[in-house]
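Chains as they are written, first to last, in the working numbering: chain A, 1 to 350; chain B, 1 to 262; chain C, 1 to 351.
These are calculated hints, taken from the structure and not from any lab test.
Positions of the beta carbon are idealized from the N, C-alpha and C atoms, including for glycine.
Certain hints may be false.
Now the stretches of chain B that chain A is said to cover, found in silico as 3 or more residues with beta-carbon under 8 Å [stated by the list, open to error]:
1. 95-105
2. 121-127
3. 170-178
4. 212-224
Here's a subset of chain A near chain B, in silico, CB distances under 10 Å, partners left out [to be verified]:
5. Val216
6. Ala222
7. Val226
Here are some chain A residues the structure puts well away from chain C; computed CB gaps all over 12 Å [said to hold, decoys possible]:
8. Val38
9. Leu91
10. Ile93
11. Trp105
12. Val110
13. Leu134
14. Leu158
15. Ala192
16. Ala193
17. Val200
18. Leu297
19. Gln299
20. Phe331
21. Pro333
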Amino acid sequence: MNGRWAANWLAFAAVVVAVGLVELVQPGILARLSRGLVSVDLLIRAGLFTVVLVGLNLLMGYAGQASLGQAAFYGMGAFASAIFTVRTGALNIPSHVAGAWWWPWLMMAVAALAVGAFALVVGLAILRLRGHYLAMATLGLGIIVYIVLRENLGLPHLNLTGGFDGIVGVPRLRVGSAELWPVQVYYFVVWAAAVGAMAVGLNLVHSPVGRALRAVHGSELAAESVGMDVGKLKAKIFALSAALASVAGSLYAHFQAAVVPDTFGFVPSLELVVMSAVGGMSSIWGAPLGALAVLLLEQLLRTHVLGLVPAVSGELEPVVFGLMLVVIMLFWPAGLVSSRRSRTAAWAGR
Amino acid sequence: MGGAVNRDSLLQVEHVTKAFDGLVALSDVSLEVRAGQIKGLIGPNGAGKTTLFNLIACCLVPTAGDIRFCGRSLVGLPPHRAAELGIARTFQNVQVFPGMTVLEHVLVGLHRLAPAGLLANLLPTGGLRRTEHRLREQAEALLDRLELAPWANVPVETLPFGLLRRVELARALAVRPKLLLLDEPSSGLNPTEKQAMARLVRSLREEGVTVFLVEHDMPMVMGLADEVAVLDHGALLCEGPPQQVQQDPRVVAAYLGEPEDA
Amino acid sequence: MEPTATEAPTRSVAVPGRAVGTPTARRAPTRAVLGAGAAVAGLAFWVLGRRLGYGPLDYLQLVLDGTVTGSVYALVAVGFVVVYRVTGVINFAQGAFVMLGPMLAITFFQTLGGHGAGVLAASALAAVAATTLVATVVHRLALHPARGASPLTKIIITVGVYIALQGLALRVWGPRPYVLPAFTTLHMADRLLQLGGLSLQAQSLWVWGIGALAVLTLVLFFEHTVVGKAMRACAVNRIAARLMGIRVDRMATLAFALAGVLGAVGGIVIAPSTRPTYDMGLELGLKGFVAAIAGGLVSLPGAVAGGLVLGALESLWAGVTVAGFKDLFAFAVLILLLLVRPAGWLEPGQE
Numbered sequence: 001m002n003g004r005w006a007a008n009w010l011a012f013a014a015v016v017v018a019v020g021l022v023e024l025v026q027p028g029i030l031a032r033l034s035r036g037l038v039s040v041d042l043l044i045r046a047g048l049f050t051v052v053l054v055g056l057n058l059l060m061g062y063a064g065q066a067s068l069g070q071a072a073f074y075g076m077g078a079f080a081s082a083i084f085t086v087r088t089g090a091l092n093i094p095s096h097v098a099g100a101w102w103w104p105w106l107m108m109a110v111a112a113l114a115v116g117a118f119a120l121v122v123g124l125a126i127l128r129l130r131g132h133y134l135a136m137a138t139l140g141l142g143i144i145v146y147i148v149l150r151e152n153l154g155l156p157h158l159n160l161t162g163g164f165d166g167i168v169g170v171p172r173l174r175v176g177s178a179e180l181w182p183v184q185v186y187y188f189v190v191w192a193a194a195v196g197a198m199a200v201g202l203n204l205v206h207s208p209v210g211r212a213l214r215a216v217h218g219s220e221l222a223a224e225s226v227g228m229d230v231g232k233l234k235a236k237i238f239a240l241s242a243a244l245a246s247v248a249g250s251l252y253a254h255f256q257a258a259v260v261p262d263t264f265g266f267v268p269s270l271e272l273v274v275m276s277a278v279g280g281m282s283s284i285w286g287a288p289l290g291a292l293a294v295l296l297l298e299q300l301l302r303t304h305v306l307g308l309v310p311a312v313s314g315e316l317e318p319v320v321f322g323l324m325l326v327v328i329m330l331f332w333p334a335g336l337v338s339s340r341r342s343r344t345a346a347w348a349g350r
Numbered sequence: 001m002g003g004a005v006n007r008d009s010l011l012q013v014e015h016v017t018k019a020f021d022g023l024v025a026l027s028d029v030s031l032e033v034r035a036g037q038i039k040g041l042i043g044p045n046g047a048g049k050t051t052l053f054n055l056i057a058c059c060l061v062p063t064a065g066d067i068r069f070c071g072r073s074l075v076g077l078p079p080h081r082a083a084e085l086g087i088a089r090t091f092q093n094v095q096v097f098p099g100m101t102v103l104e105h106v107l108v109g110l111h112r113l114a115p116a117g118l119l120a121n122l123l124p125t126g127g128l129r130r131t132e133h134r135l136r137e138q139a140e141a142l143l144d145r146l147e148l149a150p151w152a153n154v155p156v157e158t159l160p161f162g163l164l165r166r167v168e169l170a171r172a173l174a175v176r177p178k179l180l181l182l183d184e185p186s187s188g189l190n191p192t193e194k195q196a197m198a199r200l201v202r203s204l205r206e207e208g209v210t211v212f213l214v215e216h217d218m219p220m221v222m223g224l225a226d227e228v229a230v231l232d233h234g235a236l237l238c239e240g241p242p243q244q245v246q247q248d249p250r251v252v253a254a255y256l257g258e259p260e261d262a
Numbered sequence: 001m002e003p004t005a006t007e008a009p010t011r012s013v014a015v016p017g018r019a020v021g022t023p024t025a026r027r028a029p030t031r032a033v034l035g036a037g038a039a040v041a042g043l044a045f046w047v048l049g050r051r052l053g054y055g056p057l058d059y060l061q062l063v064l065d066g067t068v069t070g071s072v073y074a075l076v077a078v079g080f081v082v083v084y085r086v087t088g089v090i091n092f093a094q095g096a097f098v099m100l101g102p103m104l105a106i107t108f109f110q111t112l113g114g115h116g117a118g119v120l121a122a123s124a125l126a127a128v129a130a131t132t133l134v135a136t137v138v139h140r141l142a143l144h145p146a147r148g149a150s151p152l153t154k155i156i157i158t159v160g161v162y163i164a165l166q167g168l169a170l171r172v173w174g175p176r177p178y179v180l181p182a183f184t185t186l187h188m189a190d191r192l193l194q195l196g197g198l199s200l201q202a203q204s205l206w207v208w209g210i211g212a213l214a215v216l217t218l219v220l221f222f223e224h225t226v227v228g229k230a231m232r233a234c235a236v237n238r239i240a241a242r243l244m245g246i247r248v249d250r251m252a253t254l255a256f257a258l259a260g261v262l263g264a265v266g267g268i269v270i271a272p273s274t275r276p277t278y279d280m281g282l283e284l285g286l287k288g289f290v291a292a293i294a295g296g297l298v299s300l301p302g303a304v305a306g307g308l309v310l311g312a313l314e315s316l317w318a319g320v321t322v323a324g325f326k327d328l329f330a331f332a333v334l335i336l337l338l339l340v341r342p343a344g345w346l347e348p349g350q351e
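Isolated chain A (complex conformation):
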């Protein structure tokens, strides 16, 4: 088992690195070869979502706790990074600090910790809810965070989040004087984070904590009966998933160079759930697979399928997306990567 594990990892890392190197040597080659289907941009977005999905899968697939508001944490990370690197004037951050190469990295870490702490506190309260109630509470939380971001945190005079228009001009990440750009270089940054998140996730699910999470998923009553502090465990895993989402959000802000609240609203939260479901919630490997599969499908719909039918425009994307969600839930409720274990869990009535 350990041998196969190592082999899987090596193969995965090799593919990630190889794809990156090919693009580095021959920029744009992926897009040319795939006729616009795969681009380095798409792969970067897949990497970012992988980081979020590792957390979401731990939360939903392993611990069995729904979150329909995960994009909020992604957005909090993105806006935190953007605000602390762009609105330095309004925040009175001295320019020699704000201009230092390590500042964005520090803010990324601080944001992850703060978002994690926020989720821990919120989680202790709302994770007592179950099933529908938890789903709706997280959904409400996501919408509230979205509105607060959209409404300038309620402090219009400071204009920190930029309202509907968001923030532009988020600087690229640097190490020393070296800018981690062009996009082919940034690919490695993002996928390093993705692989790191997966390594942490895989290690966690194979540890006693992973076992505890699955036990909580199976029967909270029984888990408590052997002395497990179920509430605390759930809140901790919620916090971890939020912190991962925050890191991904920060990386997104420095990638896109601009952030707008609509990227982190209600539909994006659902999109994350779709990716998680498509890839397989109860699997860490499902994270990159789900992200890639959904992004590729969306791209395919956009560039290939819908373009061929003249009467149909890109507006049908959400229709196909919604139907896909229904069909996947009906026929593969456990996603692409599924074990017997996750298949039974998905239909176990919890």
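Model the placement of chains B and C on the given structure of chain A, informed by the hints.
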């Protein structure tokens, strides 16, 4: 500490009342379980037996009264604290973790011996692997003890009901309880399995585990228990050695009035 | 699951989702807490309103306006409750029904010439019928096959249905707002009624009247028809209902159909004063859900009261704060409600 309490008293239920939305499930129940005892709890359906167990396991909070374990009050504690103090339980309608193997169930029971922190589990450290190895050895020993070893790596949902009761018991024993609450341990078992269960419960007592069990099988509970308490309509009817309880006219009346189910 | 279910005398209506293993004794909120909350909220409204120079009449006007929107919340909430009680599903697609009603009504109305009370009524009825058909199809195709699935799976399915229907609406109607003429004037401009310093659109009377009529009809249906009684039996105990020969799956489809009717009616009556768009269902659907939760998710009177109260409070809130924060209110209330009293206000407490 309460007034006239026996020195080897492990659990005291003192004037406990429990009401749900105004409906009284238990009213003014007092009883005690002494260390090293096998105590039975019987009563017709709806008498409040499982409610009492849920109160002891801190899954419910009494409306009035006190429950003391090893001299300290359990009232208001969260359920996981009860387990930490040494109260383990099984469930009437078996509670297992679907998708997990028998061995994993016991490992979950042993979780308090593992590093609990999330951060401690994020990275693959040698210490983590060594603890896990030690836990596995302990779990396997427990499975041997309960004759579950052949099914160690079998997912529980494929097991017959009789084995699930034993898996639950193994998981509960992994907590190393002082007091074991068994909710109808023999229900759903065939006669052979029942006998094995009775033997097991007796041997647990030999090892110093105090057992408090709800049981519907009269011959089994009368043969097994040192003392029996009878609940009816939420009130304690009588308490005493099995022979004495069996002959108590109130008990006979309670059972005749409301036939026992299968 | 419920540890006490076998022995403790339990109520006929179980409330799923309530913390099961750890009953809520450790956080038993009292009426006093809720009363204090209401007092604080009232004080906050008053203080914020004073800044804007509000008098009692202004508050009354806000409450009056709020109950109009609140009536629609109530209809949507009742739709949630009916589906939830009969099928155990939180039907997120409810929002799509609310949008389909007015959009279809407008399309029918325009196709049929675009004027005349008879045409308007016929268009509205046809739109309600069509939405009901959609709701039926949604249940048969998307939810019925997944009846054994987990709540999360079902919720994702209904979300998927919602996204697909909204996407379809965007494709058919585009992103622009539409207009349905006011029922009284049959024009875009509605008649404004003045009563003692308060002003009221004539459409508001239609909203209240039709809303009340719809709920009343529904109650009569549940109380006095065989099918209605069968549906109530399913709500109490699905297995027992099946044993009694009730076709539970048909009742589930019927519940979706009723939700379609309620959603469409709610969307249509409010359409003249809101200018419907393809995405109007998201807001109305979610707020209807909040109202349903406020009423305990299993109670029809609770859902109606929840809708009206939510509408009134939200209107007060919107009146005293920045416009952008209007929508925050309902969701903050949602989370607070879920935390404090998942069983709603009208249900008796646990402890």
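To see whether the hints hold, each was checked on the structure:
Evaluation of the coverage hint for the stretch 95-105 of chain B: fulfilled, as 7 residues show C-beta separations to chain A shorter than 8 Å, against a requirement of three. For the stretch 121-127 of chain B, the stated coverage by chain A holds: 4 residues have a C-beta nearer than 8 Å to a C-beta of that chain, and at least 3 were required. For a cut-off of 8 Å, the count of residues in the stretch 170-178 of chain B with a CB near a CB of chain A stands at 4, and the three-residue condition holds. Here's how the stretch 212-224 of chain B fares: 0 of its residues keep a CB closer than 8 Å to some CB of chain A, so the rule of at least three is not met and the hint is violated.
Checking A/Val216 against chain B: minimum C-beta separation of about 9 Å stays under 10 Å; hint holds. A distance limit of 10 Å between C-beta atoms decides the matter here; for A/Ala222 the minimum to chain B is near 4 Å, and the interface restraint holds. Interface restraint check for A/Val226: the shortest CB-CB distance to chain B comes to about 5 Å, inside 10 Å, so the restraint holds. With a minimum CB-CB distance of about 25 Å to chain C, A/Val38 clears the 12 Å threshold, and the non-interface call stands.
At roughly 22 Å, the least C-beta separation between A/Leu91 and chain C is larger than 12 Å, which holds for a residue marked as non-interface. In this structure A/Ile93 is separated from chain C by more than 12 Å, as the shortest Cβ-Cβ distance comes to about 27 Å. With a least beta-carbon separation of about 33 Å from chain C, A/Trp105 lies farther than 12 Å from that chain, consistent with its non-interface assignment. A/Val110, annotated as away from the interface, keeps every beta carbon of chain C farther than 12 Å; the closest lies near 26 Å.
Listed as outside the interface, A/Leu134 is inconsistent with that label: its C-beta sits roughly 8 Å from the nearest C-beta of chain C, within the 12 Å cut-off. For A/Leu158, the shortest C-beta to C-beta distance to chain C comes to about 14 Å, beyond the 12 Å cut-off, and the non-interface label holds. Every CB of chain C lies more than 12 Å from the CB of A/Ala192, the least distance being 31 Å, so the non-interface label holds. Annotated as non-interface, A/Ala193 keeps its C-beta farther than 12 Å from every C-beta of chain C; the closest such distance is 27 Å.
With a closest Cβ-Cβ approach of about 24 Å to chain C, A/Val200 is found to remain outside the 12 Å limit, as its non-interface label requires. The claim that A/Leu297 lies off the interface holds: its Cβ sits roughly 14 Å from the closest Cβ of chain C, which is beyond the 12 Å cut-off. With a least CB separation of 17 Å from chain C, A/Gln299 remains clear of the 12 Å interface cut-off, as annotated. The non-interface label for A/Phe331 is inconsistent with chain C: the shortest C-beta to C-beta separation is roughly 9 Å, within 12 Å.
For A/Pro333, the non-interface assignment is contradicted: its Cβ lies about 5 Å from the closest Cβ of chain C, within the 12 Å cut-off.
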